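Peer 1: Protein chains in written order, with the working numbering: chain A, 27 to 343; chain B, 266 to 704.
Just so you know, these hints were derived from the structure itself, not from any lab. It is possible that part of the hints are untrue.
[To be verified] Simulated crosslink set (SDA-like; lysine to any residue; CA at most 25 Å straight-line): (1) A:LYS325 <-> B:GLN329; (2) A:LYS233 <-> B:LEU357; (3) A:LYS317 <-> B:ALA566; (4) A:LYS254 <-> B:GLN329.
[What the hints assert, rightly or not] From the structure, some residues in chain B lie toward chain A, with a derived Cβ separation under 7 Å: (5) ALA353; (6) GLU354; (7) ASN574.
If you're wondering where the values come from, they're calculated on a predicted model, not measured in any experiment. Built from N, CA and C at the ideal position, the CB exists for glycine as well.
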Amino acid sequence: MAQRIPAQILSQHSDADVTVTSNAATDAYADTTNNGKANVDTNTRLKVAVHKFASCDGCQLAFLNAGADLLTVNRLFDIRHFAEAGLLDNRPLIERDIDVAIIEGSVCTAEDIQRLQQIRDSSQRLITIGACATSGGIQALRNMADAQQWLAEIYARPESLSSLDTATPISQHVKVDLELWGCPVNTEQLLHALRNLLWHSLPENNKDKVCMECKRAGNICVMVTENKPCLGPVTQGSCGAICPHHGRDCYGCYGPAENTNTDSLSQRFSGFGLLPEEIARKFLLINSQSKPFLEEGKKWHNQLTSQPQTSDKGLRL
Amino acid sequence: MRDQPHFLPRLQLQSLLDLLIAEDYQCMGPQIQSNAIVFKPFSQVTALTQGITDYQDAGHYRLQPYDSPRNFHWNCSAQLLKPYFFQAEQVLWQVEKQQDGQLVFCQTQSHQPKRAFFGVRACDIAALKLQDQHFLHSEFVDDHYAENRRNNLFIAVTCSKAGANCFCHRTSDGPAITDGYDLLLDELNEGFLLQTGSDEGERLCQQLLQTQVLEIASSEQQQQADQSLSQVRQTLFDNDDQRLQSHQSDQSQPPQFKAQQQSQQQSQQQHQQPKHLPFDPELIRQVLMQNLDHPHWQELAETCLSCGNCTSVCPTCFCSSQRDIPELDGSQAQHVRQWDSCFSQGHGYIHGYQVRGKTQLRYQQWLTHKLVNWYEQYGRSGCVGCGRCVTWCPVGIDFTQAAMQICQDNGQISGDRVRGDRVRGDRVSKDREGGHNDN
Numbered sequence: 027m028a029q030r031i032p033a034q035i036l037s038q039h040s041d042a043d044v045t046v047t048s049n050a051a052t053d054a055y056a057d058t059t060n061n062g063k064a065n066v067d068t069n070t071r072l073k074v075a076v077h078k079f080a081s082c083d084g085c086q087l088a089f090l091n092a093g094a095d096l097l098t099v100n101r102l103f104d105i106r107h108f109a110e111a112g113l114l115d116n117r118p119l120i121e122r123d124i125d126v127a128i129i130e131g132s133v134c135t136a137e138d139i140q141r142l143q144q145i146r147d148s149s150q151r152l153i154t155i156g157a158c159a160t161s162g163g164i165q166a167l168r169n170m171a172d173a174q175q176w177l178a179e180i181y182a183r184p185e186s187l188s189s190l191d192t193a194t195p196i197s198q199h200v201k202v203d204l205e206l207w208g209c210p211v212n213t214e215q216l217l218h219a220l221r222n223l224l225w226h227s228l229p230e231n232n233k234d235k236v237c238m239e240c241k242r243a244g245n246i247c248v249m250v251t252e253n254k255p256c257l258g259p260v261t262q263g264s265c266g267a268i269c270p271h272h273g274r275d276c277y278g279c280y281g282p283a284e285n286t287n288t289d290s291l292s293q294r295f296s297g298f299g300l301l302p303e304e305i306a307r308k309f310l311l312i313n314s315q316s317k318p319f320l321e322e323g324k325k326w327h328n329q330l331t332s333q334p335q336t337s338d339k340g341l342r343l
Numbered sequence: 266m267r268d269q270p271h272f273l274p275r276l277q278l279q280s281l282l283d284l285l286i287a288e289d290y291q292c293m294g295p296q297i298q299s300n301a302i303v304f305k306p307f308s309q310v311t312a313l314t315q316g317i318t319d320y321q322d323a324g325h326y327r328l329q330p331y332d333s334p335r336n337f338h339w340n341c342s343a344q345l346l347k348p349y350f351f352q353a354e355q356v357l358w359q360v361e362k363q364q365d366g367q368l369v370f371c372q373t374q375s376h377q378p379k380r381a382f383f384g385v386r387a388c389d390i391a392a393l394k395l396q397d398q399h400f401l402h403s404e405f406v407d408d409h410y411a412e413n414r415r416n417n418l419f420i421a422v423t424c425s426k427a428g429a430n431c432f433c434h435r436t437s438d439g440p441a442i443t444d445g446y447d448l449l450l451d452e453l454n455e456g457f458l459l460q461t462g463s464d465e466g467e468r469l470c471q472q473l474l475q476t477q478v479l480e481i482a483s484s485e486q487q488q489q490a491d492q493s494l495s496q497v498r499q500t501l502f503d504n505d506d507q508r509l510q511s512h513q514s515d516q517s518q519p520p521q522f523k524a525q526q527q528s529q530q531q532s533q534q535q536h537q538q539p540k541h542l543p544f545d546p547e548l549i550r551q552v553l554m555q556n557l558d559h560p561h562w563q564e565l566a567e568t569c570l571s572c573g574n575c576t577s578v579c580p581t582c583f584c585s586s587q588r589d590i591p592e593l594d595g596s597q598a599q600h601v602r603q604w605d606s607c608f609s610q611g612h613g614y615i616h617g618y619q620v621r622g623k624t625q626l627r628y629q630q631w632l633t634h635k636l637v638n639w640y641e642q643y644g645r646s647g648c649v650g651c652g653r654c655v656t657w658c659p660v661g662i663d664f665t666q667a668a669m670q671i672c673q674d675n676g677q678i679s680g681d682r683v684r685g686d687r688v689r690g691d692r693v694s695k696d697r698e699g700g701h702n703d704n
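Use the sequences and the hints to build the structure in full.
Peer 2: Shown next as structure tokens:
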């Protein structure tokens, strides 16, 4: 299986690196933790565990897709648990002594809540990666619907499932130290955060709009030239504005930016001829549980339900 | 008016290009990309825009066919010179960690090729002068900008039409191009009138003369070029009058800024309101700064997305932020400067405190810096009338209309003033000396 290959790489280098006691990377960590003493035992590496909740695994893949940098990550960090990469820590969760827990996915079952609490209790720091973990993800669309009815409609034997009626972000259950947004997060974003952790600092909080990145990249605005309903003006960057770069409108996968004016933007979409249901769908998609998107989406959704539409693409939320 | 003009037949434009390429110039010219005119390297004139024109309105940009062999019959490209000189992202320095733990810093040097820009407009030249003033002629010279500014050749083209968002006549930056170019072209159907504006331009012109590429311009051709320019100027003023009449007839209505809700047609009607600025330093400085609590600021804030598109496309905006991009292993890092905006969170952040948390304050910063405080810094307004901020605002906010609204509601601007009469500072009413509202 393809995803097992990095696992082998990781474990091989894990063995090899035990003998390495001085390299630029561990020194960098030593400088900030041991008053500049070099030759730190590699056992002082930060112990990392990657956990998955309800998600598509795309964010973990962003991690695994780091390529050669994975070797460096493995040199810098002691990766204890990363099931997707084949590394399993078999001790009970609560006994694990982890420095940094990285969480992908949202909370969708009662068991999730319990497992998450144990992870939090055994971890110094907790980082969430991706839309599911930070705002519920696409599965959180069920929060606005009758989840039991959906189950009954989709599954032949819904009674065999035990899922909550809602999908909720990690921060709704435990304290989160750092949230990395994106669907999925990108590798640079993740590695940058890891690098900063070694320095005991936080990566810069880039809540600027996608538009800023888009213009810096020299892209042409798809709203202005093509009336495309782009969410760039209310979405935070770090994605590199890849959608507008390829001529399509941003769909907000990096979540809301700071100081968003969703009202003005959706009025503009309305001016472009979008129906209320289409505007609601723009906001209630990947980051539907983030406050600004949820409120704006609901506003247009409510307009939809109060004025029945003739369209056959009815929004079932 | 035209001093010893030459005529470059259309078919000989390639000869000019070949000459520049032979002299190691990388030629940058207008080309179509993603439904807009952008500047990219080219080596054949066939790559240039031709038979095309642009239509710009607030938050609206479209290319349209234009039945003519002309290459430059459009007004304002999406971006032009700024990204080449004040780069969107630039590595300022690098730091490396040595074996002994010592940090070694080194300034990065980028070496740019000689570049020739075809199709630079009056507003672009005016903006370049302002950027030069900021990066080159202030107390500290910006080495990176200076490097990028070396060895550039500007082949300016006089605008042959006036766009709906153009107002360079209000900022005294156009439409005529008076200096700042190496070669100046006036485009006619059959070719270009060519004038020189620098030693390098003159040298190139002499070479073209030696190879008999240039002809002597006829008086008819000169007349045509003069007429074209007068027509452009007339259109700019006609647009003012039309918008003013439309605005005056709309006076009873509340300020209309919800362009978004309107259909394309309605939206265009709304944009027929005054688009030009009362570019009197005294008027702007006193009225705008005395009316920071004017309710129109709040209306603007309700529409503004605070997305920074206006400042990014503004050819004079120079704000930047800096960040470090470390290598994963911490062995080295790059210190990068990137375009910032007064609409961003970081721009208003000082240690532990956000001074411009709300959009209203950010919009005020943008408008008052551009139109008021720029005078203090650089002796003139920071606006060159290109209209890019109006065109590329995703929700179609008209910067000039915003300023007009605030001035006009205070009875500061009569029709005469809008048409261009100078307004003296002592005529500015003092009855609304509002303080700065920090809410």
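Peer 1: Indicate, hint by hint, whether the structure satisfies it.
Peer 2: Going down the list of hints, with the structure as the test:
For the proposed pair LYS325 of chain A and GLN329 of chain B, the alpha carbon gap of about 37 Å is over 25 Å, so the pair is violated. At roughly 23 Å between alpha-carbon atoms, LYS233 of chain A and LEU357 of chain B fall within 25 Å of each other, so this suggested pair holds. Straight-line distance between C-alpha atoms of LYS317 of chain A and ALA566 of chain B comes to about 20 Å, which keeps the hinted pair within the 25 Å bound. Under the criterion of a C-alpha separation no larger than 25 Å, the hint pairing LYS254 of chain A with GLN329 of chain B is consistent with the structure, at around 18 Å.
For the restraint placing ALA353 of chain B at the interface with chain A, the shortest Cβ-Cβ distance is roughly 4 Å, inside the 7 Å limit, so the hint holds. Nearest Cβ of chain A to the Cβ of GLU354 of chain B: about 6 Å, under the 7 Å cut. The hint holds. A hinted interface residue such as ASN574 of chain B counts as satisfied when its beta carbon comes closer than 7 Å to some beta carbon of chain A; here the least separation is about 5 Å, so the hint holds.
When held up to the earlier numbered hints, the structure conflicts with hint 1 and nothing else.
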